[in-house]
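Novice: One-letter residues, chain by chain:
There are 4 protein chains.
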Amino acid sequence: MSSPATIALLGASGYTGAELLRLLVPRTDVRCVALSAERNAGNDVGTVWPHLAALDLPKLCKVGDIDFSGVDFAFCALPHGTTQEIVARLPTSVRVVDLSADFRLTDPAVYQQWYGKPHAAVALQADAVYGLTEFARDEVKDARLVANPGCYPTAAQLALVPLLQARAIEAEGLIIDAKSGISGAGRDGKTANLYAEVTEGFQAYSIAQHRHLPEIEQQIGAAAGRAVTLTFTPHLVPMSRGIFETIYVRARADATELRRLWQTRYANEPFAHVLDAGKIPNVKQVRGTNMCQLAAFDDRVSGRVILLAAIDNLVKGAAGQAVQNMNVMMGIPETTGLIAAAAYP
Amino acid sequence: MSSPATIALLGASGYTGAELLRLLVPRTDVRCVALSAERNAGNDVGTVWPHLAALDLPKLCKVGDIDFSGVDFAFCALPHGTTQEIVARLPTSVRVVDLSADFRLTDPAVYQQWYGKPHAAVALQADAVYGLTEFARDEVKDARLVANPGCYPTAAQLALVPLLQARAIEAEGLIIDAKSGISGAGRDGKTANLYAEVTEGFQAYSIAQHRHLPEIEQQIGAAAGRAVTLTFTPHLVPMSRGIFETIYVRARADATELRRLWQTRYANEPFAHVLDAGKIPNVKQVRGTNMCQLAAFDDRVSGRVILLAAIDNLVKGAAGQAVQNMNVMMGIPETTGLIAAAAYP
Amino acid sequence: MSSPATIALLGASGYTGAELLRLLVPRTDVRCVALSAERNAGNDVGTVWPHLAALDLPKLCKVGDIDFSGVDFAFCALPHGTTQEIVARLPTSVRVVDLSADFRLTDPAVYQQWYGKPHAAVALQADAVYGLTEFARDEVKDARLVANPGCYPTAAQLALVPLLQARAIEAEGLIIDAKSGISGAGRDGKTANLYAEVTEGFQAYSIAQHRHLPEIEQQIGAAAGRAVTLTFTPHLVPMSRGIFETIYVRARADATELRRLWQTRYANEPFAHVLDAGKIPNVKQVRGTNMCQLAAFDDRVSGRVILLAAIDNLVKGAAGQAVQNMNVMMGIPETTGLIAAAAYP
Amino acid sequence: MSSPATIALLGASGYTGAELLRLLVPRTDVRCVALSAERNAGNDVGTVWPHLAALDLPKLCKVGDIDFSGVDFAFCALPHGTTQEIVARLPTSVRVVDLSADFRLTDPAVYQQWYGKPHAAVALQADAVYGLTEFARDEVKDARLVANPGCYPTAAQLALVPLLQARAIEAEGLIIDAKSGISGAGRDGKTANLYAEVTEGFQAYSIAQHRHLPEIEQQIGAAAGRAVTLTFTPHLVPMSRGIFETIYVRARADATELRRLWQTRYANEPFAHVLDAGKIPNVKQVRGTNMCQLAAFDDRVSGRVILLAAIDNLVKGAAGQAVQNMNVMMGIPETTGLIAAAAYP
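Chains as they are written, first to last, in the numbering used here: chain A, 3 to 347; chain B, 3 to 347; chain C, 3 to 347; chain D, 3 to 347.
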């Protein structure tokens with residue numbers, strides 16, 4: 003057996019970083035050799051993540067102190083906006099999966115519009131491959147830099163792309179009513195995200211202005227073959243993980259036919275599960291896994307179908323898909339380290 | 003001071019029954035003289051509701067054992083389908099607020115279609131007043147039998163009716179994406195509703211076939227002045243109480259104008275709170291109260307507005323509105339016993 | 003009817019402040035004329051507490067800007083340590099209930115030991131009445147300054163004091179295993195208190211060093227008639243409100259006899275509910291109320307009894323008891339504004 | 003590679019059964035060939051466990067229809083009381099790990115006292131090995147029938163056994179204040195376990211009479227070398243999984259020394275993690291894993307130490323330890339299939 007691939011994890015102190023460690027540490031074919039966490043540099047992982055304290059992992063360090071000459075892969079799980087310069091400075095020998103939003107938008111003007119400042123690594127952005135694995139496997143395989151999709155866009159695309167490409171639904175008038183667990187808001191201490199504030203509550207947020215909107219429109223537009231403007235309303239659910247999307251579409255076929263299109267497209271996909279007629283996805287059933295559950299229901303309103311998609315925002319919506327992409331880039335079986343059933347209940 | 007009005011509560015062992023007791027017991031102008039609970043007849047209230055054990059309340063009894071000659075008002079909080087015969091047998095001297103769905107649908111054919119059997123009290127149904135208090139105060143005042151609206155329909159109507167009546171939104175293409183806490187599913191022990199099954203989960207249910215659909219369509223149709231078919235998708239949120247509706251509408255005006263229409267209509271309504279621009283409702287803020295929070299946001303898609311409504315399903319969506327209707331029927335201030343801030347957090 | 007008593011609430015932006023508003027606002031015999039919140043001075047209450055936005059309340063202000071000449075009562079719901087100077091500067095015409103820990107410890111040396119600095123208002127501390135209402139009604143009645151008990155100490159004393167005074171249990175070897183909802187940790191944004199961190203978790207904290215320990219020991223010692231050292235372990239429960247204490251005692255009588263002692267002592271107490279044999283308290287049953295539930299169970303170990311107590315930390319453990327004390331100070335019925343059943347479920 | 007060991011899982015429709023499937027299915031060295039679920043015999047696993055619907059598993063069947071001639075191992079995850087006859091009828095060629103309580107108590111009289119009827123397989127009970135793996139590895143290795151420990155007893159023993167055997171703590175006066183998630187109550191639909199009833203609540207249950215008490219006393223007595231009676235109070239936490247025990251002991255050494263004894267005993271144990279001084283276990287950190295976290299704190303009361311233990315009731319407290327025992331019985335590395343970090347948050 004060859005020596006394990008070496009991995010640097012930039013941004014080990016966020017939820018996505020912890021999830022990457024959970025997925026990578028049990029593996030024998032890869033090894034985490036550097037874990038960055040600027041404010042906790044010098045400390046053991048256990049100071050940030052007590053649940054990982056018993057593992058044998060390198061100490062936390064600053065990005066600037068990593069010797070990338072011995073690193074094969076880097077996962078960037080840094081906040082949006084900080085990643086561009088850091089990735090631009092990495093040696094080109096290091097292949098990168100970036101979990102931030104920094105390289106997802108192909109049009110620098112759109113980036114500037116939604117993030118309020120010019121993109122700092124436009125050349126790199128042009129090279130980046132948008133890595134929704136099921137739809138970009140071939141490009142990912144040879145990419146140096148993969149922009150890992152956002153959580154909401156992942157679920158939306160898995161539901162919509164095959165149907166749009168088959169011209170079975172209209173690109174006009176798409177409405178995505180999305181619900182997410184709170185971990186998507188990160189680990190910073192904010193009053194709004196306190197347990198006491200969130201439990202037994204439910205609300206919408208960032209209505210018609212969430213930063214995943216341009217990402218969804220870009221990708222849905224590509225699948226539809228023309229510019230798309232759509233309705234996207236995210237909501238906060240009192241749960242830790244999970245994304246559920248209820249998508250209202252005008253269809254040229256009924257739910258049975260749409261399900262058949264999905265089944266054909268996803269026949270050999272290990273991480274897309276098209277549910278039988280009448281079965282309803284539940285984020286609890288995919289919790290901790292890389293799976294996406296999909297379902298379609300005929301509406302009472304003629305010509306309308308309701309699509310449902312459920313993923314774990316930290317797995318298929320972040321760390322799991324990042325590992326899936328790494329597996330593709332390494333040329334090993336795509337499911338390596340990712341086959342798991344949910345810990346239910 | 004006159005002697006208190008006497009109340010019989012039929013169905014004291016369900017969540018709605020407990021909530022009625024919570025609202026009625028502190029009052030001095032009404033007195034609960036009979037509490038029915040068939041399977042627990044003969045027991046103290048505390049055997050069913052330990053949180054009410056310290057109160058001075060009559061023992062539980064069977065409906066058939068109640069002497070209605072001394073009863074002024076009856077709240078029927080019985081399961082759907084069982085109420086028709088019971089209400090039909092009550093002396094006409096007893097005024098009734100029925101919290102079941104039995105008298106909400108005015109068309110017996112629609113009732114039969116959705117409930118699978120003919121209505122057993124068609125004559126009474128014709129007399130019943132549909133009691134969404136804000137819109138039916140005058141009829142409620144003189145009614146003998148008030149059909150208390152369902153929880154989902156209450157939130158939907160408070161958002162939509164004024165806008166439809168003002169012709170500010172279209173009746174066509176309405177999409178109601180609704181989210182509810184689990185108490186709406188009742189207190190029967192069902193595996194699907196266990197804590198372990200619900201926590202950290204999220205799913206849709208009864209897609210395009212929930213029994214509140216015909217009720218919503220009936221009332222929205224009345225407001226629109228023509229038959230309406232709409233899209234309604236309920237979801238289950240891991241929380242005990244609360245309903246949140248995200249309603250997608252085609253509008254002839256922008257969010258600012260819709261908000262203004264609500265404000266005009268609800269200027270003197272104590273239980274409808276139109277939020278300032280940019281503020282978002284949250285079920286936690288209305289928990290335990292009779293309040294409905296309303297908000298409107300412009301969508302990015304031209305001509306579309308997103309409406310938001312939040313209520314407590316057990317209060318404005320059930321027991322609170324029932325008490326509000328009773329107050330109107332009694333000719334006392336409508337807010338009696340209903341002014342409360344949420345116990346936050 | 004006389005004009006309402008005027009109230010200043012110092013510290014309106016914490017959970018205790020919100021709870022005081024919930025309890026006070028519906029009343030017609032008192033009126034909040036000043037609400038302080040230093041960082042939010044000048045803003046409407048709704049900016050801090052959206053669930054109170056619909057109420058008619060004065061704007062938030064700085065403590066220094068309050069004209070106390072028109073104020074009858076002040077509730078101090080400020081952080082520990084900041085209260086001493088502020089209370090010391092209030093006109094003596096203003097009667098005060100202080101909800102912080104600043105005046106609870108009668109011995110300045112003990113205060114300094116546990117809070118790490120000398121007490122800044124020793125003279126006032128000597129005058130303060132420790133206001134566990136059930137045990138100090140007479141002193142509270144005439145007090146100018148009432149130190150409102152801590153949440154954990156309230157539950158512990160309601161369980162233990164009558165039994166110790168009756169010499170029915172030993173003061174030696176008391177073990178209090180306490181569990182609390184997260185609202186006791188306040189509203190500051192801290193990572194440890196985020197929803198994602200707390201949900202589906204359970205842990206102890208401040209083991210053998212919680213600052214409520216000296217308060218409990220002081221009061222239990224007074225009841226026992228000698229100095230007491232005891233074991234106190236607080237735990238954090240994934241819930242918003244509530245305290246549950248499991249207290250292990252060596253008893254000179256069995257559970258039946260201890261229950262009888264409680265029943266005698268609390269026969270006329272509206273806020274202490276001694277449960278029937280075999281019934282178990284639950285914080286959910288007292289949620290939002292000023293009630294304390296008490297139960298006693300014989301242990302299998304001879305000579306040992308297990309006592310259970312449940313309260314809502316924000317009501318009987320803070321704002322509710324503060325209002326109860328105010329009622330006593332005003333000479334009005336002690337239960338005014340405090341009779342309520344829990345909003346269950 | 004040899005052909006995989008074949009496994010029959012009796013009782014696939016309970017939470018423990020689902021957890022066994024989660025742990026076993028990804029493995030290539032074992033294969034589930036029979037899954038029993040009496041009421042669902044003939045159905046796919048997905049009808050009972052939608053989260054497992056995408057897996058390739060045999061259909062559910064009745065125990066009586068299993069051909070045990072091709073079965074190497076059986077996991078019995080059946081309800082208490084039903085297991086004795088079933089295990090007694092299994093061919094002796096099948097090695098068994100029983101997760102029920104049926105073979106844990108070695109004294110038939112004690113069994114009868116706590117379970118209300120005579121044991122139906124006394125001879126088998128005499129042969130059964132009590133399988134707390136860390137303490138019984140050698141006997142488990144050669145056992146035909148392993149009685150898998152209860153969840154509460156597992157945490158208690160991991161904390162107490164090494165300290166009792168070292169005579170570092172007294173066997174007298176042990177108090178175990180235990181807290182558990184709700185999944186321990188099983189998947190039957192009971193009102194008391196509904197989400198709406200459990201959320202935002204906390205209570206004790208089965209005070210001084212839980213059926214895990216005699217199991218704990220039997221094992222603690224064995225470690226202490228004499229009969230032990232102890233105090234055990236279980237509580238219900240609003241969370242799905244996890245057990246946390248706060249154990250009050252009289253010690254002949256301080257917390258530092260007790261920690262050192264644990265560290266020595268558990269130096270090579272992969273599933274016992276002795277936390278550094280001052281660190282506190284949290285069930286969230288072991289969620290979904292086979293790990294037990296342990297900590298010791300000096301009490302303020304001289305001579306007393308507070309021990310803390312956290313496990314996942316469904317893993318180290320049930321299915322995980324069962325797999326650990328199977329691994330030992332098979333002679334393969336004990337950690338096979340059990341190395342995992344918690345999916346945090």
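Derived by calculation from the structure, the hints in this document are not laboratory data.
Treat the hints with care, since some could be wrong.
The list cannot tell twin chains apart, which means a pair is met if one copy fits it or any two copies do.
[Claimed, not checked] Subject to a maximum C-alpha distance of 27 Å in a straight line, what follows is the list of computed DSS-like cross-link-like pairs (lysine-lysine):
no.: 1; residue 1: K119; residue 2: K143
no.: 2; residue 1: K64; residue 2: K192
no.: 3; residue 1: K143; residue 2: K61
no.: 4; residue 1: K192; residue 2: K119
no.: 5; residue 1: K64; residue 2: K281
no.: 6; residue 1: K281; residue 2: K61
no.: 7; residue 1: K119; residue 2: K61
no.: 8; residue 1: K64; residue 2: K143
no.: 9; residue 1: K143; residue 2: K192
no.: 10; residue 1: K281; residue 2: K143
no.: 11; residue 1: K64; residue 2: K119
no.: 12; residue 1: K192; residue 2: K281
Novice: State for each hint whether it applies.
Specialist: For each hint, the structure was consulted:
no.: 1; hint: K119 to K143; verdict: neither (31 Å within a copy, 60 Å between copies)
no.: 2; hint: K64 to K192; verdict: both (25 Å within a copy, 24 Å between copies)
no.: 3; hint: K143 to K61; verdict: neither (31 Å within a copy, 38 Å between copies)
no.: 4; hint: K192 to K119; verdict: within (25 Å within a copy, 30 Å between copies)
no.: 5; hint: K64 to K281; verdict: between (47 Å within a copy, 25 Å between copies)
no.: 6; hint: K281 to K61; verdict: between (46 Å within a copy, 19 Å between copies)
no.: 7; hint: K119 to K61; verdict: neither (34 Å within a copy, 37 Å between copies)
no.: 8; hint: K64 to K143; verdict: neither (29 Å within a copy, 47 Å between copies)
no.: 9; hint: K143 to K192; verdict: neither (39 Å within a copy, 41 Å between copies)
no.: 10; hint: K281 to K143; verdict: neither (34 Å within a copy, 44 Å between copies)
no.: 11; hint: K64 to K119; verdict: within (26 Å within a copy, 38 Å between copies)
no.: 12; hint: K192 to K281; verdict: between (37 Å within a copy, 18 Å between copies)
Taken one by one, the earlier hints fail for this structure at numbers 1, 3, 7, 8, 9, 10, listed in ascending order.
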